[in-house]
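If you read the protein sequences in the order shown, they are chains A and B.
Quick note on this note's numbering: the first sequence kicks off at 1 and runs consecutively.
Quick note on this note's numbering: the second sequence kicks off at 1 and runs consecutively.
You may find that some hints are simply not true.
A pair counts as met if it fits within one copy or between any two copies, since identical chains are not told apart.
[Claimed, not checked] Straight-line C-alpha distance at most 25 Å; calculated DSS-like pairs for lysine-lysine: (1) K203 to K22; (2) K10 to K136; (3) K9 to K60; (4) K193 to K60; (5) K128 to K60; (6) K203 to K190; (7) K203 to K11; (8) K147 to K136; (9) K121 to K10; (10) K182 to K121; (11) K190 to K11; (12) K11 to K81; (13) K193 to K136; (14) K147 to K22; (15) K81 to K190; (16) K186 to K22; (17) K9 to K147.
These are computed hints drawn from the structure, not numbers from a lab.
There are 2 protein chains.
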Amino acid sequence: MPKVTEEHKKKRRREILDVAKKVFIKQGFQATTMSDIVSASNMSRGGVYSYFSTTDEMYKAIIAENDQSFEAYFQNLMQMKSYWNALLIYLDDLERSAYDDVREGFGIVAYEYLVMTWREKERIQFFKDRVDQYIKLFAGLIESGVKREEFHPVQSSEAIALMIINTNDAVYLLSMTVGADKARVKDQVKSLKIYLRYVLQVKHIE
Amino acid sequence: MPKVTEEHKKKRRREILDVAKKVFIKQGFQATTMSDIVSASNMSRGGVYSYFSTTDEMYKAIIAENDQSFEAYFQNLMQMKSYWNALLIYLDDLERSAYDDVREGFGIVAYEYLVMTWREKERIQFFKDRVDQYIKLFAGLIESGVKREEFHPVQSSEAIALMIINTNDAVYLLSMTVGADKARVKDQVKSLKIYLRYVLQVKHIE
DNA sequence: ATATTAAATGACAACAGTGTCGTTTTTTAT
DNA sequence: ATAAAAAACGACACTGTTGTCATTTAATAT
C-alpha cells in the first residue's frame, strides 16, 4: 500500500502495540525478539520495522499508555468524599487484581524491564521520573486528606506514599511468581492498612 | 592438566563461580553469556563448560551460597537477648547496605532471575521454597519473641515476616535503580519499624 | 624416565536474531 | 486508465553465541 491516511498509520501502530503487549506478557520482555512480534502480527518484518525498530521502543510506548490509564483511575479515586475510603478502595482493587489478573497484566513486564535495564545510565532518569510521578499521586491524595483534616500523618506524605507503592509492588511481584495465596495477599494488604491507619491518624474511620 | 585432586577441582569451580558472580553483578544475569564468563576467567571455553554448562547452573550455585550465608548471619541475630533488638539491628543493616553496597551486591541479580524466569513452571517450586525458607527464618524469630513474652502480635508471624521481607525487597530494588536517597531508605525503614512495633506489641522496648 | 589418564584448550559448525534494501503492491491524484 | 508515491514485503547477509570434539598438555603412578 501507499500514501495512506494518518489514521491508517495510527491503526497499524495500535495493532503492533497490542500484539507486542500480548507477547511481552506471555513470554517476558527480554525473551521477546522482533521476530516474535513480527510472527505474532500479520505484518511483514519490514512493515513492523517501519513503525518500531526495537522492542524497547514498543515497551516505552506501552508503559506510557499504562501509566496514563492508571492516572485516570486515580483521578477517579480522588473524586470520593472520603480520602480514606479512596485508599481502602485502592487496596481492595489491589487485593482483587492480585488474585484475579496479575498474570495477565503488564506489571511484571515493567519489573522485568526495570530490573534488566537499570544499569544503563540513560534510563535512570526515566525510572526516577516514574517514581516521582507515582509518589506525587499518592502524596497528593494524602495531602488532600490532611487539608480536610481527615488525616494527621506522623510521617511525610512522600514517605507514606512510597510505602504504599512499595507494598503494592511487592504484593504484585510475589503474587505473580508464587501465586496470590502463597504471597498472602490478604495479609499483606491488611498489614498495609494497619500501618496506614496508624501513620495517617485517620479520623472518621470508614 | 590431568587426573587431579578433588581439591583442585573445587578450587577451579570456586574460581569460576567468583568470576561469574562478578560478571552477573556487573552486567546482569540475562546479559551475561557463557562467552563473557569464559573471557573474564582465565580458562578456556571447554574448560569452563566442563564445570558448568549454563549460566543458570552458575546462578543456582551462587544463590545457594548466598542464602546459606544469610542464614548464618541470621543465626547470629537469633543469639541476642532481645529479639526486638535483633530486628532493630537487622533493620540497621538493611539501611546501611542500601546506602553503601547495594549496587555491588548479588540481590539485584536474584530479582532479575526471579522476574525473568517465573514463567517456567519448573522454577516455581524453587521460588516457593525460597520464600518459605525466608518466611521461616523471620517467623521463627517472631515466635521466639512471643515465647519470651517480648512480642504479643496482632497478626500471624508469617504475615509479619512476609511484610519484613517485602519491605526489604522493595527497599533494595528501589535503592538500586534510583539510589538510596531517592528511595527514601531511611523513611521506609522507619515505616517498617512503626508497623512492626504496632503489630508485635513490643514490650520492654529498646 | 615413561606411560597413563584426564584436564584443559580453542577452532569450528550450527543456530538464532537483526537490520537492510531491492521488489512488489496498493492507494491516491490526475 | 495511468502515473506517482510510499507502504508493505521478505530474502539475505551479518553478527554473536552456543556446544562440541580432536588435540594438546600436565599430573600422577609405576
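Okay, the hints, checked on the actual structure:
{"no.": "1", "hint": "K203 to K22", "verdict": "neither (44 Å within a copy, 52 Å between copies)"}
{"no.": "2", "hint": "K10 to K136", "verdict": "neither (31 Å within a copy, 52 Å between copies)"}
{"no.": "3", "hint": "K9 to K60", "verdict": "within (18 Å within a copy, 46 Å between copies)"}
{"no.": "4", "hint": "K193 to K60", "verdict": "neither (33 Å within a copy, 36 Å between copies)"}
{"no.": "5", "hint": "K128 to K60", "verdict": "within (15 Å within a copy, 31 Å between copies)"}
{"no.": "6", "hint": "K203 to K190", "verdict": "both (18 Å within a copy, 23 Å between copies)"}
{"no.": "7", "hint": "K203 to K11", "verdict": "neither (49 Å within a copy, 63 Å between copies)"}
{"no.": "8", "hint": "K147 to K136", "verdict": "within (16 Å within a copy, 43 Å between copies)"}
{"no.": "9", "hint": "K121 to K10", "verdict": "neither (31 Å within a copy, 37 Å between copies)"}
{"no.": "10", "hint": "K182 to K121", "verdict": "between (36 Å within a copy, 16 Å between copies)"}
{"no.": "11", "hint": "K190 to K11", "verdict": "neither (43 Å within a copy, 49 Å between copies)"}
{"no.": "12", "hint": "K11 to K81", "verdict": "neither (39 Å within a copy, 67 Å between copies)"}
{"no.": "13", "hint": "K193 to K136", "verdict": "both (20 Å within a copy, 24 Å between copies)"}
{"no.": "14", "hint": "K147 to K22", "verdict": "neither (42 Å within a copy, 50 Å between copies)"}
{"no.": "15", "hint": "K81 to K190", "verdict": "within (22 Å within a copy, 30 Å between copies)"}
{"no.": "16", "hint": "K186 to K22", "verdict": "neither (28 Å within a copy, 38 Å between copies)"}
{"no.": "17", "hint": "K9 to K147", "verdict": "neither (47 Å within a copy, 68 Å between copies)"}
Violated hints, in rising order: 1, 2, 4, 7, 9, 11, 12, 14, 16 and 17; the structure is consistent with all others.
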